[in-house]
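Student: Chain residues, written in single-letter form:
There are 2 protein chains.
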Amino acid sequence: MTQFQNHQIRLASRPTGAPTPDNFRIETAAVGEPESGEVLLQILYLSLDPYMRGRMSDAKSYAKPVEIGAVMEGGTVGRVIQSKHDKFKEGDIVLSHSGWQSHAIAKGDTLRKIDPSIAPVSTALGVLGMPGFTAYAGLLTIGKPKAGETVVVAAASGAVGSAVGQIARIKGARAVGIAGGADKCAFVKDELGFDAVVDHRAPDFAEALAKACPDGIDVYFENVGGEVFKAVFPLLNSFARIPVCGLIAQYNQKLEEAPGPDRLPMAMRDILTKSLTVRGFIQHEFVDQFPQFQKEAPGWIKDGKLRYREDVVDGLENAPEAFIGLLRGKNFGKLLVRVSE
Amino acid sequence: MTQFQNHQIRLASRPTGAPTPDNFRIETAAVGEPESGEVLLQILYLSLDPYMRGRMSDAKSYAKPVEIGAVMEGGTVGRVIQSKHDKFKEGDIVLSHSGWQSHAIAKGDTLRKIDPSIAPVSTALGVLGMPGFTAYAGLLTIGKPKAGETVVVAAASGAVGSAVGQIARIKGARAVGIAGGADKCAFVKDELGFDAVVDHRAPDFAEALAKACPDGIDVYFENVGGEVFKAVFPLLNSFARIPVCGLIAQYNQKLEEAPGPDRLPMAMRDILTKSLTVRGFIQHEFVDQFPQFQKEAPGWIKDGKLRYREDVVDGLENAPEAFIGLLRGKNFGKLLVRVSE
Numbered sequence: 001m002t003q004f005q006n007h008q009i010r011l012a013s014r015p016t017g018a019p020t021p022d023n024f025r026i027e028t029a030a031v032g033e034p035e036s037g038e039v040l041l042q043i044l045y046l047s048l049d050p051y052m053r054g055r056m057s058d059a060k061s062y063a064k065p066v067e068i069g070a071v072m073e074g075g076t077v078g079r080v081i082q083s084k085h086d087k088f089k090e091g092d093i094v095l096s097h098s099g100w101q102s103h104a105i106a107k108g109d110t111l112r113k114i115d116p117s118i119a120p121v122s123t124a125l126g127v128l129g130m131p132g133f134t135a136y137a138g139l140l141t142i143g144k145p146k147a148g149e150t151v152v153v154a155a156a157s158g159a160v161g162s163a164v165g166q167i168a169r170i171k172g173a174r175a176v177g178i179a180g181g182a183d184k185c186a187f188v189k190d191e192l193g194f195d196a197v198v199d200h201r202a203p204d205f206a207e208a209l210a211k212a213c214p215d216g217i218d219v220y221f222e223n224v225g226g227e228v229f230k231a232v233f234p235l236l237n238s239f240a241r242i243p244v245c246g247l248i249a250q251y252n253q254k255l256e257e258a259p260g261p262d263r264l265p266m267a268m269r270d271i272l273t274k275s276l277t278v279r280g281f282i283q284h285e286f287v288d289q290f291p292q293f294q295k296e297a298p299g300w301i302k303d304g305k306l307r308y309r310e311d312v313v314d315g316l317e318n319a320p321e322a323f324i325g326l327l328r329g330k331n332f333g334k335l336l337v338r339v340s341e
Numbered sequence: 001m002t003q004f005q006n007h008q009i010r011l012a013s014r015p016t017g018a019p020t021p022d023n024f025r026i027e028t029a030a031v032g033e034p035e036s037g038e039v040l041l042q043i044l045y046l047s048l049d050p051y052m053r054g055r056m057s058d059a060k061s062y063a064k065p066v067e068i069g070a071v072m073e074g075g076t077v078g079r080v081i082q083s084k085h086d087k088f089k090e091g092d093i094v095l096s097h098s099g100w101q102s103h104a105i106a107k108g109d110t111l112r113k114i115d116p117s118i119a120p121v122s123t124a125l126g127v128l129g130m131p132g133f134t135a136y137a138g139l140l141t142i143g144k145p146k147a148g149e150t151v152v153v154a155a156a157s158g159a160v161g162s163a164v165g166q167i168a169r170i171k172g173a174r175a176v177g178i179a180g181g182a183d184k185c186a187f188v189k190d191e192l193g194f195d196a197v198v199d200h201r202a203p204d205f206a207e208a209l210a211k212a213c214p215d216g217i218d219v220y221f222e223n224v225g226g227e228v229f230k231a232v233f234p235l236l237n238s239f240a241r242i243p244v245c246g247l248i249a250q251y252n253q254k255l256e257e258a259p260g261p262d263r264l265p266m267a268m269r270d271i272l273t274k275s276l277t278v279r280g281f282i283q284h285e286f287v288d289q290f291p292q293f294q295k296e297a298p299g300w301i302k303d304g305k306l307r308y309r310e311d312v313v314d315g316l317e318n319a320p321e322a323f324i325g326l327l328r329g330k331n332f333g334k335l336l337v338r339v340s341e
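So the protein sequences, as listed, match chains A and B.
Going by the working numbering, the residue at position 212 of the first sequence is 212; the numbering climbs one at a time, nothing skipped.
Going by the working numbering, the residue at position 34 of the second sequence is 34; the numbering climbs one at a time, nothing skipped.
Heads up, a few of these hints could be off.
What the hints assert, rightly or not - Just the calculated beta-carbon pair ranges, DEER-fashion:
id: 1; chain 1: A; residue 1: R201; chain 2: B; residue 2: E67; range: 39 to 47 Å
id: 2; chain 1: A; residue 1: R307; chain 2: B; residue 2: K144; range: 32 to 40 Å
id: 3; chain 1: B; residue 1: E227; chain 2: A; residue 2: K211; range: 54 to 62 Å
Unchecked claim - Listed next, the in silico DSS-like pairs over lysine-lysine satisfying Cα-Cα at most 30 Å (straight line):
id: 4; chain 1: A; residue 1: K144; chain 2: B; residue 2: K144
id: 5; chain 1: A; residue 1: K254; chain 2: B; residue 2: K274
id: 6; chain 1: B; residue 1: K144; chain 2: A; residue 2: K64
id: 7; chain 1: B; residue 1: K211; chain 2: A; residue 2: K274
id: 8; chain 1: B; residue 1: K230; chain 2: A; residue 2: K60
id: 9; chain 1: A; residue 1: K64; chain 2: B; residue 2: K60
id: 10; chain 1: A; residue 1: K60; chain 2: B; residue 2: K113
id: 11; chain 1: B; residue 1: K146; chain 2: A; residue 2: K144
id: 12; chain 1: B; residue 1: K254; chain 2: A; residue 2: K274
id: 13; chain 1: A; residue 1: K144; chain 2: B; residue 2: K171
id: 14; chain 1: B; residue 1: K274; chain 2: A; residue 2: K274
id: 15; chain 1: A; residue 1: K171; chain 2: B; residue 2: K144
id: 16; chain 1: A; residue 1: K230; chain 2: B; residue 2: K171
id: 17; chain 1: B; residue 1: K146; chain 2: A; residue 2: K64
id: 18; chain 1: B; residue 1: K254; chain 2: A; residue 2: K254
id: 19; chain 1: A; residue 1: K60; chain 2: B; residue 2: K254
id: 20; chain 1: B; residue 1: K211; chain 2: A; residue 2: K230
id: 21; chain 1: A; residue 1: K60; chain 2: B; residue 2: K274
id: 22; chain 1: B; residue 1: K211; chain 2: A; residue 2: K254
It should be emphasised that the hints constitute simulated quantities derived from the structure, not laboratory data.
None of these values were measured; they are calculated from a predicted model.
We put the beta carbon where it would ideally sit given N, CA and C, even for glycine.
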């Protein structure tokens, strides 16, 4: 029996405001033996996603926080290196939720086999995985874009935003992306084929967004919050839909101390007078649509209608820094850590 | 030909903050002759509703404001006293949108005949009219209460709120009302049969509401805003639905100057982490459900499951004062003006 060294990144302390490297701790532990029904995995890719900021806090949310001292949670793609489950054999590539570590023992029943012939296996964490499905389910079920309508999405070069805009276009809507900086904006417009893109760092951002949406906004897929939301709100048309998927711009803030004026009464007034729909969601809720997504998305990728970009960081030890950068918008495309070859 | 004196209340000026008697002007004008296809109406009842505060302002909304100098808008029940429309004859009772005046000429095609044998004709402006239908459509289409869930509604003794709670109970949900003062609270609990009621004027209002909702809140039918909303928000369960029907507590406020902290980021966080649905609406949108409402509601009234209370003020000249009081919660039940016998 081979003994593997398991490299792990654990939560050392809860951040106040933006996470710092001190909030994480690298540890090395022995890897145990899989029991009956379990497999031993070597992790290939770890997904880094904004929701993880929520897990680092102990505020009440839809999911339990990571305990202090526990391995950070996260979606992973791994290779089976030892199997005691009859559905898996050595060499199989599987999707698991093994967290920030190099090896893991997992119950076979919690795993999904990945077919490497469809697309690179890393896409199971991106465009063909949770972020892509989040875009698909939130946009189509809550946003319900109609042909000719205007769909706006921020973080448009990111894992979720890039899929939102492209799926909106597949459905005949006009996609307007918001991204930070010239490179990302060029990518969104030229590579992803959005109808328009606006740089949220530009001093005239709100005016530029209004210009890019001459017929107003029918769907705003909310994944950032903050200043972008402020610019979007006045442009919303009557009966506009706002799937609320994330609020990355405020994850590091102390919301109870947000300076006035209190914008909630104005927002409620607009919700009333424009008959708006604001709907928070997480993709679990729409899990019955996942088979349909799995049927449709690979064809869109093949046809070049659903493009994606990955931002791959090498080495598990670099995960904390990459994650801290993600919350500042430093990544360019779906952020992944290549844990091993 | 008889010549009638038409007494009218016109908008004299736009209010800043709460309306005052000075914002209205009483005038007397001659009544014209109906042309072909029109009828001459003597108004019996004028409905006074919170939405009228919006029409007095020129802020952008779903409906055009009343012009300065124009007759105030409003729903009315009238008697046909001269008809040049073959579907109406003298003595018919009709629903019209004739506004704050004693007589009106109306196109026959815009009128709905009222059958006085079903219920008192005034109910066409209340429990069987726009307010009752607003409750029905907003609660059932957006709120979607399930048996055993908790539905909370404020202004629970009012035209909309009273129907919301009772229809929630008809659907098997638990109805918790919020009302102002002991008399209204007793009425909501004892006459309307709500499961619980909380007085929003009580110093321990937020705690009392929490106690009245031991399983949290699944549907909050929003028709007031302000302090009530603050107390409700922390009690909302995951997947709660909030039909936004009105915000009477903030209609007189300068929202742009609402003092901080800014509660919008916290509200958005809760919308996200609890997968809430917040949906503004006006009843027009659901007009295709009106026939179904007309079929169901009279039976509920007959069976004592849908009770109502009217607050009738005598004399058109008292409409401004009554309306000003409505915005302060002074009315007790559906507010109507008896314009003539």
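Student: All the hints need checking, so say for each whether the structure fits it.
Tutor: Do the hints match the structure? See the list:
no.	hint	result
1	A:R201 / B:E67: 39 to 47 Å	holds (44 Å)
2	A:R307 / B:K144: 32 to 40 Å	holds (38 Å)
3	B:E227 / A:K211: 54 to 62 Å	violated (40 Å)
4	A:K144 / B:K144	holds (20 Å)
5	A:K254 / B:K274	holds (19 Å)
6	B:K144 / A:K64	holds (28 Å)
7	B:K211 / A:K274	violated (34 Å)
8	B:K230 / A:K60	holds (18 Å)
9	A:K64 / B:K60	violated (43 Å)
10	A:K60 / B:K113	violated (54 Å)
11	B:K146 / A:K144	holds (25 Å)
12	B:K254 / A:K274	holds (19 Å)
13	A:K144 / B:K171	holds (28 Å)
14	B:K274 / A:K274	holds (23 Å)
15	A:K171 / B:K144	holds (28 Å)
16	A:K230 / B:K171	violated (39 Å)
17	B:K146 / A:K64	holds (27 Å)
18	B:K254 / A:K254	holds (26 Å)
19	A:K60 / B:K254	violated (33 Å)
20	B:K211 / A:K230	violated (36 Å)
21	A:K60 / B:K274	holds (10 Å)
22	B:K211 / A:K254	holds (28 Å)
Of the numbered hints listed earlier, those contradicted by the structure are 3, 7, 9, 10, 16, 19 and 20.
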